[in-house]
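Assemble the complex: chain P is given as a structure, and chains H, E, L, B and S must be docked to it using the hints.
Residue numbers (my numbering), protein chains in the order written: chain P, 1 to 131; chain H, 1 to 131; chain E, 1 to 131; chain L, 1 to 131; chain B, 1 to 131; chain S, 1 to 131.
FYI, nobody ran anything at the bench for these hints, they're computed from the structure. Among these hints, one or two may not hold up.
Copies of the same chain look alike in the list, so a pair counts if it works inside one copy or between any two.
Said to hold, decoys possible - In silico DMTMM-like links for lysine to aspartate or glutamate, alpha-carbon gap of 20 Å or less: (1) K94 x E11; (2) K94 x E126; (3) K94 x D55; (4) K54 x E99.
There are 6 protein chains.
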Amino acid sequence: MATVSLIGDEEASAEVLAVFDDIRATRGTDYVNNFWRALAHDPALLAATWARLKDVMAPGALDPLVKEMLYIAVSVANGCEYCIHSHTAAARAKGMTPEQHGELLAVIGMAMQTNGLVSALQVPVEDSFRA
Amino acid sequence: MATVSLIGDEEASAEVLAVFDDIRATRGTDYVNNFWRALAHDPALLAATWARLKDVMAPGALDPLVKEMLYIAVSVANGCEYCIHSHTAAARAKGMTPEQHGELLAVIGMAMQTNGLVSALQVPVEDSFRA
Amino acid sequence: MATVSLIGDEEASAEVLAVFDDIRATRGTDYVNNFWRALAHDPALLAATWARLKDVMAPGALDPLVKEMLYIAVSVANGCEYCIHSHTAAARAKGMTPEQHGELLAVIGMAMQTNGLVSALQVPVEDSFRA
Amino acid sequence: MATVSLIGDEEASAEVLAVFDDIRATRGTDYVNNFWRALAHDPALLAATWARLKDVMAPGALDPLVKEMLYIAVSVANGCEYCIHSHTAAARAKGMTPEQHGELLAVIGMAMQTNGLVSALQVPVEDSFRA
Amino acid sequence: MATVSLIGDEEASAEVLAVFDDIRATRGTDYVNNFWRALAHDPALLAATWARLKDVMAPGALDPLVKEMLYIAVSVANGCEYCIHSHTAAARAKGMTPEQHGELLAVIGMAMQTNGLVSALQVPVEDSFRA
Amino acid sequence: MATVSLIGDEEASAEVLAVFDDIRATRGTDYVNNFWRALAHDPALLAATWARLKDVMAPGALDPLVKEMLYIAVSVANGCEYCIHSHTAAARAKGMTPEQHGELLAVIGMAMQTNGLVSALQVPVEDSFRA
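One chain only, chain P, in its complex shape (with noise of 0.2 Å):
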C-alpha cells in the first residue's frame, strides 16, 4: 500500500482528469499507472512531473530504448522498486531484447562493483580527465 491512496477517474480533478487523458493519448493505452494516481493528490505536482517526463523521454538525439535503460540503471542504484519494474516493462515495450537486458545487468553490475572500489580507494581525478 501506498502512502497515500490511488486516485480512481471518478474522484479525480477536471485538471486530474486532462492529465490523466494525457497519459493515455501519449501512450495509446486506456491505463494510467498507480505513480500518477497516487500523485494526483498534489494536482499541480502530477501536471509538472508528466510534463517534464513528457518530454524528457522522447526521441531526441538518444533513442527512446537507450533512455528507458538509462532510468533503469539510475532507478537499481537507488534501489526504486516501482521504478525497476515499471521502466523494465517499458524497455521491453520499446523492444529490448533479452540480449540487451543481460548486457544492461552487467554493465550495471561492474558500474556497482567500480563505484565501490573507487569509493573505498578515493582515487584522486586525474587532470585529463576533466573539462
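This is chains H, E, L, B and S only, laid out in the frame that chain P set:
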C-alpha cells in the same frame, strides 16, 4: 590523495605489469589511469577487475557508447566523482555529442526525481509489470 | 518478515519492558511499533536508540512536525520503506496537511533531480558558500 | 573542475541569458552560481530546471527556510557536496540559526542511523501506517 | 515477483546446470537460491558472477564470517532487501551469534549516523589520514 | 572547507573541552580530528555522538579491527570521503594488513555488484531466509 599509493610501472610486479600492458594494448594508449594503479596493491583483484571490465564493456548487443552512458548513470546515482569524470571522458572519446550529453543529464535528473517521488509515495507495483 | 523475530511484551526482559513502557508513556499510546520490537533483541541498543530518538525529536529550535518531515526526506533518499511509512504517519498525527505533504514531495523530487544533475556535472563549490 | 566548462555571460546565448537574468532578478543579486553556468550547455534543460526550482522553492504551505532544510536533508543523504554547501548557505541567508542547524544535523544523523537499523532488520510495515 | 522468471533445473541449459551444480557442491546443499535462478537468463553473467563470488568469499586473510558481515554492511547501506536476508542467513549458518548480530547492527547504525553528520558538515580530510 | 568552522581548543567551551579531553585520553593521542571540531558547534550533539561512538566501537563480541572494517564498508557504500579516510587510517592503526585491506575491497566490490544485480532483477526473498 587516495587511501593507498598509486603503483608506478617501475615498482609493479610482473603480474601487475601484464595487466597494465593489456590495458595499454586494449585501449591503444600509453596511459594507465589512477584507478588501476591504486587497485594494483592487490594484483589478483586488479587482474580480475580488469578482465571483467574488458569483457563487459566490449561491443555486444549494446554499443560501447550506450554502455559508457549507462556507466555514467549508475556512477551519478552513487555519487562516484572519479567514475563520473573517467566515464564522461570515455563517452566523449567514443563520440558522445553535447546534445547526447544534455539528454543523458535530463534523463538522469528525471529518474532521480521520480525515484524520490515513488519512494515517498511507496507506490505499489502493478501485477502487469511483473515477469 | 524481519531478519529477527519481533519481541512481544510477554517475552521481554525487565530492561526491554522499561523501554517499551517509556515509549508508551511518551507517546500516550498502548502501541509499541515493530521497529522497537525487532531492535529489542539487543536491549542495550534498544535503550540507547530510544533515548536518543526521544531527545532528538523533542520540540526545540525546530518544531516537531518539521523534524518529522526532515526525517521523511532522509528516509526517502535512502529508500527506507518502513521509515517512510512510520514517519509519514507520525507527520500526519502532528498535523501535516495534504498541501504540506504535496510541497514536501515536490521539494524532495527537486532535490533528488538537482543532486543528480550536480553529480553528473561535478560542479565546483564556490568559495563564497564555504564557512 | 566540472565535467563541462562554466558558461560565462559573454558566451551565453540569448535564451541562456534570459534565464541568468531571471535568476538575478528573483534572488536580488548579481551573482549566478556555478550550477546554472554548468547546466547552460543545454539551454532547454537549464530553463526547465530553473523554472521548476523557482516554483517549488517559493513560499507556500511550507515556509522557504523549511524547504531549504529539507533540501539539505536529501542532499546529505545523497552525499551531494555542492548541493549541501549551496543550500546551507541559502538556509543561513533565510535565517537559519546555529541552534536550528544543530537540530537539523541531529535529526539527519538520527534518521540515517534508524534507516540503517531498519534496513538491517527488514522491519515489516504495520497496516496501521498505510494510507 | 522478479523482473524475470526464475529458471528451474528442468529448463536450464547445460552451461547453467553446470553452475547450479557447482553451487550445490560448494555449499553442500541441494538448494540453489533465487538470485542464481534469476541471473541464469544470461548464462555468461551467471557463470562470471558465481566464479567471482566463490573466490572472493573463500577463507583468506579475513575469515568467512567477517566477510558475510561486511557483505551485510554494504547491503544495508544500499537497502538491498534480498541481499540482507540471504547474507544474514549465511552469517548465521557460519556461526554469527545474537551478540555479534547486535554489535554488527550497532556499528552499522553508528556509521550511518556519522556518515550523515560528516556529509552535512563537509569535514575536510586531514593530510595525516592520506596514504 | 566545511560548512562550519572547526572549533579550536582555545575557543571551546568547558563542555566541549571535556569531550576533546576524553577523546585524547581514550585514544592516547594529543590529536582531536576535524570531525569533532566541526561537530563542536553543538556541544550536546558532540557529547552524545562521542559517547555513543566510544561505546559502540569498544571491544565486545566483535573485535575492534572488524568493527573498523564494517565502518569502512558502510562509509564506502555511502560515499563518505572523510569517513573512508579516517576509518581506513584507524583500521591500519589497529593492525589491518595489506592482504586484509585487499580482501575488504574485494568483498565490498562484490557486494556492490550483486546488490545492483539483485536490485535490477528484484529477486523475491525465500521464506527459508526469514527469521
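Results of checking the hints against the structure:
For the identical chains of this complex, K94 and E11 are neighbours neither inside a copy (32 Å) nor across copies (27 Å), given an alpha-carbon limit of 20 Å. For the identical chains of this complex, K94 and E126 are inter-copy neighbours only, at 19 Å across copies versus 38 Å inside a copy, given an alpha-carbon limit of 20 Å. In this assembly of identical chains, K94 and D55 lie within 20 Å of each other by CA distance solely inside one copy; the values are 17 Å within and 26 Å between copies. Only between protomers do K54 and E99 lie at most 20 Å apart by alpha-carbon distance; the minimum there is 18 Å, versus 27 Å within a single protomer.
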